[in-house]
Amino acid sequence: MGQLGMTGELSPVRHPAKRRRLRTVLQELVYRAALVIHKARQIILDFGQDIGKRATNPIFLN
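Reminder that position 5 of the sequence shown reads as 4 in numbering that gives the first Met the number 0, one-by-one numbering, no gaps.
Keep in mind the hints are simulated off the structure, nothing from the lab.
Here a beta-carbon is modelled for each residue, glycine too, at the ideal position from N, C-alpha and C.
Mixed in with the good hints, there may be bad ones.
[Unchecked claim] Label pairs and their in silico Cβ distance ranges:
no.: 1; residue 1: 40; residue 2: 18; range: 22 to 30 Å
no.: 2; residue 1: 42; residue 2: 21; range: 34 to 42 Å
no.: 3; residue 1: 43; residue 2: 23; range: 31 to 39 Å
no.: 4; residue 1: 43; residue 2: 21; range: 21 to 29 Å
no.: 5; residue 1: 39; residue 2: 18; range: 34 to 42 Å
no.: 6; residue 1: 22; residue 2: 42; range: 17 to 25 Å
no.: 7; residue 1: 40; residue 2: 20; range: 30 to 38 Å
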């Protein structure tokens with residue numbers, strides 16, 4: 000997700016910025032709603048708009 004994910008259309012923006020501190024990016028990532036999916040011995044965070052239907056924007060955590 001990182002900085003690129005936090006500067007798009009759906010980002011929680013207080014003011015427009017091209018770069019953000021790591022602390023700010025992680026804080027906004029925590030505040031954003033996500034669905035945790037356990038599938039095939041993997042943990043997936045789904046940040047898609049249709050949460051619960053399928054993983055549209057998954058982030059795989061190992």
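(message) Taking the earlier hints as the rules, which of them does this structure contradict?
(response) Violated: hints 1, 2, 3.
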